[in-house]
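Combine both chains into one complex, guided by the hints.
Spelled out from the first residue to the last, the chains are:
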Amino acid sequence: MARYQTRIGARGYHFDDLKAVMACASPRRSGDELAGLAAADDETRVAAREVLAALPLRHFLDEALIPYEADEVTQLIVDTHDVEAFAPVAGMTVGEFRDWLLSYAATPAALSALAPGLTPEMVAAVSKLMRNADLIAVGAKCRVVTRFRTTLGLPGRLAARLQPNHPTDDPLGIAASTLDGLLFGMGDAVIGINPAGDSLPETVRLLQMLDELRMRFAIPMQSCVLAHVTTSIRAIERGAPVDLVFQSIAGSEKANRGFGVDLAVLREGYDAVNGLQRAGIGANTMYFETGQGSALSADAHHGVDQQTMEVRAYAVARAFRPLIVNTVVGFIGPEYLYDSKQIIRAGLEDHCCGKLLGLPMGVDVCYTNHAEADQDDMDTLATTLAAAGVTFLIAVPGADDVMLNYQSLSYHDVLGLRHLLKLQPAPEFQDWLARMGLLDEQGALPPPKPNAVRQLLALH
Amino acid sequence: MSDAPAESPNDPFARLRIATRARIGLGRAGDALPTRALLDFQAAHSRARDAVHGVVDFDAIAEQLDAQGLRSLRIRSQVTDRASYLRRPDLGRRVYVDDLPTLEAAHGDYDLAFVVADGLSAAAVNAHAAALIGETRARLSTLTLAPVVLAQQARVALGDEVGAVLGARIVALLVGERPGLSVADSLGVYLTWAPRVGRSDAERNCISNIHADGLTYAQAADTLAWLITESRRRQLSGVQLKLDAAPTAVIEAATP
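Here the protein sequences line up with chains R and D, keeping their order. Heads up: the first sequence begins at 0 in numbering that gives the first Met the number 0, then just goes up one per residue. Heads up: the second sequence begins at 0 in numbering that gives the first Met the number 0, then just goes up one per residue.
Same shape as in the complex, but just chain D (with noise of 0.2 Å):
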């Protein structure tokens, strides 16, 4: 990355840039961007675009599941290509009707279901995914897992019918977060207890910002295997659950 411009003894801001990630100091060509910041800007847009119209190799990650033991099915949404999936977040909520009876053939009585959803970056599903799972296992080694369900075109809510179908107590969603500029492969968890279509935002609890930068995979399984643990204890999710004594790494976080 050359997000920053080239440290030169001269450059007043250096001591500034310890600071932030901001792009200042870039410089003046008249009075637009000179080259250099003009084309890592557009380097970084790139990246995230790329992310958010990439495609998840699923069957990458079904191998890496598989490698750890873990059985995985792989289902749609209602959505059949990125440009309505971003113009219908309804229809990236629910599973495609004919995918359903894959589902239903694996109903059973499962503490926890993961989901793994492509929304809005395939960069940071394929990076992280596999791995945060096999963290968050070691960590519930008692509890029993659903199959491990791989959701394409998928957004947060649709876990909630997934985890209804399965009969699973918990869903843990994992999903591609929004791309920025800086980082554009950001995993998000979404766990909600007793999915069911319908439950709303308030009723789940965030893990957001798992990436080289941000949370590593053990803070982030750390984090989540306490969640599931209190969501078990006291049959609940969301707001009430965090209010308790919820660690510093659950925020809140716009839901894709």
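One chain only, chain R, in its complex shape (with noise of 0.2 Å):
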């Protein structure tokens, strides 16, 4: 039985178990202190830090957080940990695992060759000793390819989800603003529509609306209806183009079940659009959204920290080989991540720890009107992502979700951060833009070109 203690000082202090470890050792924020795990304060927060710095690496494959037999994702973690991947970096603690991390020696290879021998709890640890400049220098050294019609994540790009939702699924207003999108460059990680409702004609009806724009242009991109899963196979049965199957995923098998899924039917999802085939045996054909504070918000944390919970959900993810992931980071609500400090760093944390587990991690940039929280902030953690090589962002009109009612970012946005730090849209789709006139010879958006808009619009 391990102790978990240490001395700061002239005081000393015990922790109770691994969990009290992990939530105290976690940066402020207000989700763990409503679920009462957080550090009492700040030299608390450092002493548990102490102590999980000294922890073996191998510890978190002998204490599971969630008990083995209680949950099938605690399962899946252990059962597909990949020992021979995990031997490099089994003889260090988690401090050095850091310093490791940081250091010339995990290259971009190194790391991808790791991932599959780390699990959750070893990630989610690490990450809590990193600052944002830590995470953000080794998120930039992961390298996570995958393709569909799309190659993403190549060094030098900086792929978008464009996200047109419309409060009535309004096939005209939908198209207004996928049509402002494709203008700006936007669109070659998904165009993924978050419906209004949950029907299934609707989902058919949005697919098929948006594989005729794909085809009338020949824009090689993928579509997503983000419907739940059980209603995208349904839509495969009737035989809708799907290109991506979507479902959100949290932590625990609990927390799953609030979402209505567990992993049999994520594996039957997966088994039904791959049976498609619409971009080719291999192609990564699921689409994943996680954020922290979702596995407390279903009661379903089972004591463990939220950023633990979230890293936890990438192992779901990780099972199902993804084309996209993304955290809604700001999404939940304050009671979670209070404000832009919180939500800065979570974001940062979310797409850090996503990738050192190999998935193709994005971010919603966001916040919702009750967090402290504004565009300015939204600057910062998107200009820092995409200095992480973030795979994709989400972009939305004028960064206003008129149906879901939070803020994103801005088509201009993502144009801007590509421009700034000379980033290109996914290969395919850069050729495509090319094509189009929507690109100059330096790569670059030009200016807006009324003819060009016009030639476009009166094409649909």
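Since the hints were derived computationally from the structure, they do not count as laboratory data. As the structure is a computational prediction, the values presented were derived from the model and not from experiment. Certain hints may be false.
Looking from chain D toward chain R, a few residues come up when the C-beta cut is under 8 Å (computed) [unchecked claim]:
(1) 21
(2) 23
(3) 51
(4) 85
(5) 88
Where a beta carbon is used, it is the ideal one built from N, C-alpha and C, also for glycine.
Spelled out as structure tokens, the structure:
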């Protein structure tokens, strides 16, 4: 039985179990405070990090935070752990692991090889010892390349999900937001609609509309209607053009049940969409969303801190070789991430931890109107994520999602980041943009030409 | 409101703007938003923020209810300020202990209790609460009503404790919904049969989106009156009530 204790100055610290060490080591956030798991004060937080830093990485293989018998996500994590891949870091403590991740020895190739050997708990633990700059630097070293009709995750690229939501799924309204986004070079990660309802006929209708758009303009793109996985399965059965199967997921069996899913139904969705082979054999066909606080809000966190629960969701995602994954970091609300400081930190954590586990990680850089945050804060998070090599960002017209009533990034924001940091869209999509006259010789989106706009709009 | 850029004969998006409130065709200043669009966005965000952090004028609402011949009571949740309200949803669901006697003194045999909770939009409650109660009451004239409870720093589930202490068979809680950029004053109503602490969201019915561009008071009152009548007849509320023959206006929504 490990003893979790340390001393800082005159004061001794003792933590009851590994869960307490992990929770107390987390940077302060409202969700852990709401759950009654947060460190009582700042020195306790550092004491927990001291304990964590000295803990052998191996220890996470011996002590499960959520019991194996009680949870299929734990079973998945334990049963799929790759001991051989883990070998290079098997002798390290968590503190030594942080130093190694930041070292020149941790090359993109070494990190890719290591990913199957890491468990979510190891990754969450080391991230708690990292500053924001560390999360950016390590995230930037991870290479995760996936493909459907576009190739995502290549160095020097920044992709975007074009999110043309409409409060009543009005086809013309969705088309308007989509065309506006295409004119900004958005949509290379996916054109993804959150449907206003979850009905099968609506889902099929929206899928057909996006597929017609794709074929009409010969766009190398994938579309997705973010309906429940069971709705997507039925849409596939009806012959709808489903490129990607979507699902929101979380880090425990109980939390996933709150979303109406388990591993078996996700497997069913995965098999169904792979059966279509719409982008050839071996293409990545799943799209997952996650977000800190979802397990707690479902009362399914098992006394584990919200960031560790989030990273456990990535173990669920990676079992299905997704094309894209994103955290909806500021969407879940201020009772989980109170202000911009907490949202920015969480966004960088989620990106880095997802990448370390081998996921094609994107971020919905966003906030709700009852969080202490605004567009200035999103500028900071988006710029740091782009520097960290985020796979894709979500973009909506004018940063205002008129269906989900929250603010994300605007098309302008992603375009500005591409130009600022010399990042390009996915190569196939970039070629298409060039063919459409939407890129200049430098690969940049030229100032808007009224004729180009009219041409595309007239084609609609 | 000046959320959409000025129409011009040269605006290639003109015919598309009719189809969506989305901020399309904003133009570019380099890569960035032009000043007009930037300030429009900030104006909308400021309205939403002010709605969240605003204070409901419960005195005015009490007067409006009084004019309708309705008595009202004032209570607080266990939250003391907005910052804690946002961080601690658990405390916003419980009645402040010192205010329980106020409710206990009003205990009776009631068919229905209205609760007005500030929730996340003071603007919505100030604008719509008293009027909606008036419209609904006119449709349910035979029911015995508890005094209307005006609850500060309150969330939806606070209605469970209020209804239980008052002795009401149904509680209908009106609450300011989380503001968006396009609508900052949207009101929601949550109906719960046999309210008591610990009821789950699945045991409630919700009418959402009551505001100038959404459901009218008459539409919302029709739906609410239907739900109340059905809830009394079947002695339940929530998913099972909705499954039957719910009007289209009854939708599921995230509980503030």
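Hint-by-hint comparison with the structure:
Hint status for residue 21 of chain D: holds, given a least beta-carbon distance of 4 Å to chain R, under 8 Å. At a threshold of 8 Å, the smallest CB-CB gap from residue 23 of chain D to chain R is about 4 Å, leaving the interface hint in force. A least Cβ separation of about 5 Å between residue 51 of chain D and chain R falls short of the 8 Å threshold, and the interface hint therefore holds. This hint holds: residue 85 of chain D has a C-beta 4 Å from the nearest C-beta of chain R, less than the 8 Å allowed.
Taking 8 Å as the C-beta cut-off, the interface hint given for residue 88 of chain D holds, the closest approach to chain R being about 5 Å.
When held up to the earlier numbered hints, the structure conflicts with none and fits them all.
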